[in-house]
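Enquirer: Please model the complete structure; the sequences and the hints are all you need to start from.
Residues per chain, in single letters:
Protein chains: 2
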Amino acid sequence: MTEPRRILLNAFSMNCVSHIQQGLWVRDDTRQLEYTSLDPWVDLAKILERACFDALFLADVIGLYDAYHGGPETSIREGMQVPVNDPALLIPAMAHATEHLGFAFTSSVLQTHPFTFSRQLSTLDHLTRGRIAWNIVTSYLPNAGASLGYGGLPSHAERYERADEYLEVTYKLLEGSWEEDAVLRDTARGIYADPAKIHKIHHKGRFYECEGPHLSEPSPQRTPLLFQAGSSEHGRDFAAKHAECVFIVTNRRRLKSAANIVEDIRRRAARHGRAPEDLRFFQGLSPVVGGTETEARAKEAEFLEQLSTEASLAHLSGSVGVDLGAIDPDRPLETFDSEAMQGVVKGLIESAPAGTRTFRDLARANMAGQFLTGSAEQVADVLQSWHEAGVDGFNLVYAVTPGSFVDFAEGVVPILQQRGLVQRGYRPGTLRDKVFGAPRLPARHPAAGFRR
Amino acid sequence: MTEPRRILLNAFSMNCVSHIQQGLWVRDDTRQLEYTSLDPWVDLAKILERACFDALFLADVIGLYDAYHGGPETSIREGMQVPVNDPALLIPAMAHATEHLGFAFTSSVLQTHPFTFSRQLSTLDHLTRGRIAWNIVTSYLPNAGASLGYGGLPSHAERYERADEYLEVTYKLLEGSWEEDAVLRDTARGIYADPAKIHKIHHKGRFYECEGPHLSEPSPQRTPLLFQAGSSEHGRDFAAKHAECVFIVTNRRRLKSAANIVEDIRRRAARHGRAPEDLRFFQGLSPVVGGTETEARAKEAEFLEQLSTEASLAHLSGSVGVDLGAIDPDRPLETFDSEAMQGVVKGLIESAPAGTRTFRDLARANMAGQFLTGSAEQVADVLQSWHEAGVDGFNLVYAVTPGSFVDFAEGVVPILQQRGLVQRGYRPGTLRDKVFGAPRLPARHPAAGFRR
Chain A
1 MTEPRRILLN
11 AFSMNCVSHI
21 QQGLWVRDDT
31 RQLEYTSLDP
41 WVDLAKILER
51 ACFDALFLAD
61 VIGLYDAYHG
71 GPETSIREGM
81 QVPVNDPALL
91 IPAMAHATEH
101 LGFAFTSSVL
111 QTHPFTFSRQ
121 LSTLDHLTRG
131 RIAWNIVTSY
141 LPNAGASLGY
151 GGLPSHAERY
161 ERADEYLEVT
171 YKLLEGSWEE
181 DAVLRDTARG
191 IYADPAKIHK
201 IHHKGRFYEC
211 EGPHLSEPSP
221 QRTPLLFQAG
231 SSEHGRDFAA
241 KHAECVFIVT
251 NRRRLKSAAN
261 IVEDIRRRAA
271 RHGRAPEDLR
281 FFQGLSPVVG
291 GTETEARAKE
301 AEFLEQLSTE
311 ASLAHLSGSV
321 GVDLGAIDPD
331 RPLETFDSEA
341 MQGVVKGLIE
351 SAPAGTRTFR
361 DLARANMAGQ
371 FLTGSAEQVA
381 DVLQSWHEAG
391 VDGFNLVYAV
401 TPGSFVDFAE
411 GVVPILQQRG
421 LVQRGYRPGT
431 LRDKVFGAPR
441 LPARHPAAGF
451 RR
Chain B
1 MTEPRRILLN
11 AFSMNCVSHI
21 QQGLWVRDDT
31 RQLEYTSLDP
41 WVDLAKILER
51 ACFDALFLAD
61 VIGLYDAYHG
71 GPETSIREGM
81 QVPVNDPALL
91 IPAMAHATEH
101 LGFAFTSSVL
111 QTHPFTFSRQ
121 LSTLDHLTRG
131 RIAWNIVTSY
141 LPNAGASLGY
151 GGLPSHAERY
161 ERADEYLEVT
171 YKLLEGSWEE
181 DAVLRDTARG
191 IYADPAKIHK
201 IHHKGRFYEC
211 EGPHLSEPSP
221 QRTPLLFQAG
231 SSEHGRDFAA
241 KHAECVFIVT
251 NRRRLKSAAN
261 IVEDIRRRAA
271 RHGRAPEDLR
281 FFQGLSPVVG
291 GTETEARAKE
301 AEFLEQLSTE
311 ASLAHLSGSV
321 GVDLGAIDPD
331 RPLETFDSEA
341 MQGVVKGLIE
351 SAPAGTRTFR
361 DLARANMAGQ
371 FLTGSAEQVA
381 DVLQSWHEAG
391 VDGFNLVYAV
401 TPGSFVDFAE
411 GVVPILQQRG
421 LVQRGYRPGT
431 LRDKVFGAPR
441 LPARHPAAGF
451 RR
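From first to last, the protein sequence lines stand for chains A and B. The opening position of the first sequence corresponds to residue 1 in our numbering, with each subsequent residue numbered one higher. The opening position of the second sequence corresponds to residue 1 in our numbering, with each subsequent residue numbered one higher.
No wet-lab data here; the hints were simulated from the structure. A hint or two may mislead.
Which copy is meant is left open, so a pair is good if it fits within one copy or across any two.
[As the list claims (entries may be wrong)] Lysine to any residue pairs mimicking SDA-like chemistry, simulated, CA-CA at most 25 Å apart:
{"hint": "1", "residue 1": "K200", "residue 2": "H113"}
{"hint": "2", "residue 1": "K241", "residue 2": "E277"}
{"hint": "3", "residue 1": "K204", "residue 2": "P154"}
{"hint": "4", "residue 1": "K299", "residue 2": "A368"}
{"hint": "5", "residue 1": "K200", "residue 2": "P154"}
{"hint": "6", "residue 1": "K200", "residue 2": "V322"}
{"hint": "7", "residue 1": "K200", "residue 2": "H69"}
{"hint": "8", "residue 1": "K46", "residue 2": "R129"}
{"hint": "9", "residue 1": "K200", "residue 2": "Y140"}
{"hint": "10", "residue 1": "K197", "residue 2": "G149"}
Remember, it's a predicted structure, so these values are computed and weren't measured experimentally.
Expert: Here you go:
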């Protein structure tokens, strides 16, 4: 690509009441309570497209967060990622109201057989004319495994083995089953497709069996743009092999550690025969933008007042599989040396501001630390510094929706556009065209090995 | 219900090139080649809603028709239900462009785990404000079973046992998991839902395991309106137990046999403790409507000229699991006495016009016999006679789309409205409100047994 490396922008959301910044759904200026209606989603998509965002990124979970205090009660009371509806079904309505915006959605390899899922992917990619990305996840909530017939959550290693085979089946269906010129659409002779160019895949693996062929004809991207967010060893290796876009969630004060992750995954990708330009890295950030810094700080203070520590700890506990509710909130931080939960707490402590004393303070500091607060100019500066350090784009977390995105779109985007860092319009073509300059996965990607 | 029994109208379509009337996709006046775009679907939904149709009914298959000549070649060449995309993903865009139209979509119990599928159902029912119907099918194509990891198609009996348990899991999730007043949305106290009123289902059956709870909060209908189309013994019993709307496909000249099926299934339903008014029956019909009968006949003659016998036989062969391609087309009908395929051929012969001599003639006559051709008045008369014989509604098959539906909407609907047989507007509420006058399944339905 000859054009200068631009900042990629995704809005991060979820088909539920409360996504990341817990407790704010009660506010009058957020549409979180309308999540079961199409209108707020269609409105959001239009806002994002006007601001030249690359995509709306929809998170998902398929189970309850039930580690905190040993049960799901806090999550349920706080609407903390439960109830949670299917994200994919929001996309067609938003796609019909937009032309260029991409739609990344999350689907776990545990939830749907790859034959069924591949058809969902192709259908969405057709209906959006190639604007789909799939965020590949392996699930971390035990309740998800128990509700899907696995008798509990498969081990971390097994989930990644499953994921690897799941991708293999998907690639065979999406890339290998229908040849490029299989579809003729020949109305004169009455021939729609050429049977000699459509192939069964005859997959028989450890976890999946699939005869094929794929039921959908090739969509604009064939395999949609691939997102992944693993941070463990397995996760990084999986990303290095399969992902085109990697979602990293580093504490926002630790730019250096984000840069290290980027470098590490790029190095791993090289071992899989992939090139550095085959991957893009997105950092999660939660901007609170004001006309001035003072205005932004006032907004932040209001949010901090309303944030729910309980819901935030329930979220964190479920994410790491440790009951942080078992910790006495008044416990001083210096006593956390040799505990089972030391890893989690250690991570929190390292990123806490100096002077944080108790576990309660730590939990609050952790929530507060998620906000990137400032004038539009200040927030733009921070994004630019991350971008210069090697991060390609951002998944922007809302405090209120669509308000947080509107503030960013109206304040920060024009500044970044003036600096030549954010696009002023969309390039033509599919989402992969827009992000990588080509409609299909490159020949270096493992999916290409399944092409005919 | 005190209002007079009205005729229910569905448009019947499928997310593919060629649905029922094969070979017509090549015409200039049909939008079948645009099936991968949202526009023709959104346009169709608006047409149907203007004409007060009850629903768009989307068929589906999840495998190839490969019985004819022992392979899928004919199906593929003719675009005969392959490629075929996911029907559910069309609905959100159509729902956003309409207010009252219902959306029935087909999903096989073989294709998605009931935990994942139940969330799709609830999400769609939320997004459409209660306008969803699920057409429950068990699949009949061996290729579907082979592509979904069943190592082939499970036996007919096993598929219905699976279906029964699949429904049980679905009912537990949709009806039993969240109590009626579980959702509080209490912004003052910051409580979204009451954990004491949300329950795991702990299902452990022969085919499925599911801990629960359901991830979605109750949608307007909870369990969407239930369609089913089984015609076998198992199929009729299943319909009698579970279905609210039954899709019957009888030869259009055999009104009496349709009336017998209706009576038979109502009788079976009574044995399950259900009332006659709990079920509605829909007959499939393919109207060809002209300003005059002569005009309609001319249209029909054009269609007949273009219909594909090959694709039609491939369709029929796959549906019944018999290779009709093995039959010499010139074989006289009187030689079909004691053959393996006698049953299928016998059915065709019984409904063929007198004077049909060879198998080729028979195949053509079968296709031609599907059309209900006439002036708007004549077609309205036929629908009225079926309605008087006990059929409640119709799934209307297109020859060209949306043309066939437009002809019907502009010609036949106003006449039936004048006769007081078709609604002139929608009653408020969910799809079930519109069809049955209540938003939820009645207490007599087996799903009600899983409520708390």
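Enquirer: A separate judgement is required for each hint: does it hold in the structure or not?
Expert: Status of each hint after checking the structure:
1. For a Cα distance limit of 25 Å, the shortest separation of K200 from H113 qualifies both inside one copy, at 17 Å, and across copies, at 24 Å.
2. In this assembly of identical chains, the alpha carbons of K241 and E277 lie at most 25 Å apart only when taken from the same copy (14 Å versus 58 Å across copies).
3. With identical chains, the CA atoms of K204 and P154 are at most 25 Å apart both within one copy (20 Å) and between copies (18 Å).
4. Taking the shortest alpha-carbon separations for K299 and A368, only the intra-copy value of 12 Å comes in at or below 25 Å, while the best inter-copy value is 70 Å.
5. Taking CA atoms no more than 25 Å apart as the test, K200 paired with P154 passes between copies only; the shortest distance there is 20 Å, against 29 Å inside one copy.
6. With identical chains, the CA atoms of K200 and V322 are at most 25 Å apart between copies only, with a shortest distance of 22 Å across copies and 45 Å within one.
7. For a Cα distance limit of 25 Å, the shortest separation of K200 from H69 across copies, 18 Å, qualifies, whereas the shortest one inside one copy, 50 Å, does not.
8. Proximity of K46 and R129 under a CA criterion of 25 Å is satisfied in both settings, with 17 Å inside one chain copy and 22 Å between copies.
9. When the C-alpha separation of K200 and Y140 is checked against a cutoff of 25 Å, the pair qualifies only between copies, where the shortest distance is 19 Å, while the shortest distance within a copy is 33 Å.
10. In this homomeric assembly, K197 and G149 come within 25 Å of each other (Cα to Cα) only across copies, at 24 Å, whereas the closest approach inside a single copy is 37 Å.
The earlier numbered hints are all upheld by this structure, with none contradicted.
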